[in-house]
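Chains A and B, in that order, are what the protein sequence lines are.
In this text, residue positions in the first sequence follow my numbering: the first is 103, and each later residue adds one.
In this text, residue positions in the second sequence follow my numbering: the first is -9, and each later residue adds one.
Hints should not be assumed to be uniformly reliable.
These stretches of chain B come out as covered by chain A in the derived footprint (C-beta under 8 Å, 3 or more residues) [as the list claims (entries may be wrong)]: (1) 37 to 50; (2) 205 to 211; (3) 254 to 263.
Sample of chain B residues facing chain A (criterion: CB under 7 Å; computed from the structure) [as the list claims (entries may be wrong)]: (4) Gly95; (5) Phe97; (6) Ser100; (7) Leu103; (8) Gly144; (9) His224; (10) Leu285.
Chain B residues, not near chain A, derived (Cβ > 12 Å throughout) [stated by the list, open to error]: (11) Leu20; (12) Ser79; (13) Glu101; (14) Asn117; (15) Ser136; (16) Asp181; (17) Asp200; (18) Asp222; (19) Lys282.
Keep in mind the hints are simulated off the structure, nothing from the lab.
All residues carry an ideal CB built from backbone N, CA and C; glycine is no exception.
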Amino acid sequence: MTRRPLRPTREGYVEGLLEAGRLDERVVVIEGDVSRSIGSDSFLDSYPDRFFNLGASEQDMMGEAAGLALTGFIPFVATYGVFATGRAWDQIRTSICYMDLDVKIGGAHGGVSVGPDGATHQALEDIAIMRVLPNMTVLVPADASQTRAAVLAALRTPGPVYIRFGRNPVPQLYPDDSVVEPGKGNLLREGADILLVACGAMVAETLSAAEQLAGAGISASVIDMVSIKPLDRDLILNQAIGKRGVLTAEDHQVTGGLFGAVAGLLGREYPLPLGSVGVTDSFGTSGTPAEVMEKYGLTADNICRKAASVLGRRK
Amino acid sequence: MEGMSAEWQSISRLKTLNERQTMSKDAPDLGNVATQVRLDVLSMIKAAGSGHPGGSFSSVEILVELYWDVMRVRPEEPEWPERDRFVLSKGHACPALYAVLAARGYFESSELLTLRKFGSRLQGHPNMRSLPGLDASTGSLGHGLSIACGIAHGLRLGRLDSRVYCLLGDGELQEGSVWESAMSASHFGLDRLTAIVDRNLVQLDGRVTDVMEIEPLTEKWLSFGWDVVVCDGHSFPSLAKAFEHCSGSGLPSVIIADTIKGRGVSFMEGTFQWHGRCPDDDEYVRAVHELKRGLS
């Protein structure tokens, strides 16, 4: 596989914010004392009137975002994903989703990408607890370009949107002008034996796995499911038909995330042997992102093993 | 109305909700308006079979003062961009707000008796997407002041000369999120924001001081950088003076309104048992008679 240049997805988030701010003067940015870590403080330089740092107060951030949306603005609220979703879930539920407000939430440092900070800072449940909320759109981009595109998609999409992105550099998979559309996944590779569905940091690993599998005589389709909600039902079903199994890969708890979404769809509409790569009912731990991903099996090698195991099962 | 006593039904018929002269905003005897709102709240909760009379009654004069004297609103144009906004952070007091909104003409008073019923626009806690006149959906305590702060930012950013008012319960101040927004409001100098604390001293489980002490409130708000006024939350002159003081203070302002939980019905006053309870037929009749004695 050709080596792709690496870039942190948060850089794409900031690029998207600046572009959104330029495109639409209703865009305002709400930060919670991590803007220097995310890089969104550059929005302050460009649009000082439309930047609010509310300090370490996630509940207030979400409530104030709701209030700004009620007066016609489009707030982008960002902090670490684990805190954005977990510490302010009730505000997101009742003050944002229930009113179906135009609030866009950026969950930075998603998954185990925050490595050394350890379990407290590794967002492994955020997709699940955002996906379950009525009116919420959930986007999990795979690289910096797609993250930028996800921000612009959020600007175009009415209602609340959660965008989850990572910290450490990941391979660039998409061109600079890539587009994200809620409800649409991307078919990155087409094969005959198994369907691999991945999101976020696991998309690059899954593409590597597909190459390894091809070397072993297993032909895999790969979908980047950047839109976890709404899920791209048609793409998944079209690609599942005729396959001998489906495997999901996510940098997140298996319960309630991408696996939950895909398993729910296939269970209802097209049951197939199904496997998962992801964190299984466990907290994270400190280490380099690579070490932690290895520990939880978030690697191309493990995707290959699990794929073989899915195919070994009888339908 | 099934299963209710004949006497209750006759009172209900007598007081046809959408045919009242006293509610005209052109002839505002605010004392009568407040009593009529209490009568409506009582009928609504009785018809619903559940609801929160205690905290509704304690906030009646505050709401009446806001919607008749203080706030710039156009009931015939609820989305008027230049209106003043109101966030009922203590969402469980919505029967009182609904009665006030109906009396001001946002919707027909006849709809009040649908409170909490299936298919009603008058949800158990306020849903701004279903009912005109609501500026936010609330019900989970501790959210409203943040929403009001965001609205204050938005008004300032949008160069609108409007104000935002937020009514909180005193028990609600136990929610930590209230103090996150209290900090933020003074940090950003949100002087278009006025919070009102309905200090009725009682919450669901008992007296606030026994459940979880929140005093000293004046000192707490002062230390958070707010302009603080204490007033009698059942006296219109006292409330009017407090609101007047707040409109030009240069800081976010809070009115600590001393009130009585269940105000207006002797056996409900000051008791936690009436935080969230529907009166039985006998209690309903007694309450109506008591309230009607106050009408002039």
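Each hint, compared with the structure:
1. Check result for the segment 37 to 50 of chain B against chain A: violated, 0 residues qualifying (beta carbon to beta carbon below 8 Å, three or more required).
2. Beta-carbon proximity to chain A at under 8 Å applies to 0 residues in the segment 205 to 211 of chain B; the threshold of 3 is not reached and the given coverage is violated.
3. Coverage of the segment 254 to 263 of chain B by chain A is violated. Counting CB-CB distances below 8 Å, 0 residues qualify, and the rule asks for three or more.
4. A least Cβ separation of about 22 Å between Gly95 (chain B) and chain A goes past the 7 Å threshold, and the interface hint is therefore violated.
5. Interface restraint check: Phe97 (chain B) against chain A, minimum CB-CB distance 19 Å, threshold 7 Å, status violated.
6. Nearest Cβ of chain A to the Cβ of Ser100 (chain B): about 27 Å, over the 7 Å cut. The hint is violated.
7. For Leu103 (chain B), the interface hint is violated, the least distance from its beta-carbon to any beta-carbon of chain A being 25 Å, above 7 Å.
8. At a threshold of 7 Å, the smallest CB-CB gap from Gly144 (chain B) to chain A is about 3 Å, leaving the interface hint in force.
9. Against a cut-off of 7 Å between C-beta atoms, the interface hint on His224 (chain B) is violated, since the closest Cβ of chain A lies about 29 Å away.
10. Checking Leu285 (chain B) against chain A by beta carbon gives a least distance of about 37 Å; that is not within 7 Å, so the hint is violated.
11. Residue placement check: Leu20 (chain B) keeps its beta carbon more than 12 Å from all beta carbons of chain A (closest about 29 Å).
12. Consistency note on Ser79 (chain B): stated as away from chain A, yet its beta-carbon is not over 12 Å from all of that chain's, at 10 Å minimum.
13. The claim that Glu101 (chain B) is not at the interface with chain A holds, since no C-beta of that chain comes within 12 Å of its own (minimum 21 Å).
14. Its beta-carbon lying about 7 Å from the closest one in chain A, Asn117 (chain B) breaks the requirement of being farther than 12 Å from that chain.
15. Distance check on Ser136 (chain B): its Cβ comes as close as 2 Å (rounded) to a Cβ of chain A, failing to clear the 12 Å threshold; non-interface status is violated.
16. Even its closest Cβ contact with chain A, about 15 Å, leaves Asp181 (chain B) beyond 12 Å, as expected for a residue assigned away from the interface.
17. Residue placement check: Asp200 (chain B) keeps its beta carbon more than 12 Å from all beta carbons of chain A (closest about 26 Å).
18. Residue placement check: Asp222 (chain B) keeps its beta carbon more than 12 Å from all beta carbons of chain A (closest about 29 Å).
19. Listed as a non-interface residue, Lys282 (chain B) keeps its Cβ farther than 12 Å from every Cβ of chain A; the least gap is roughly 37 Å.
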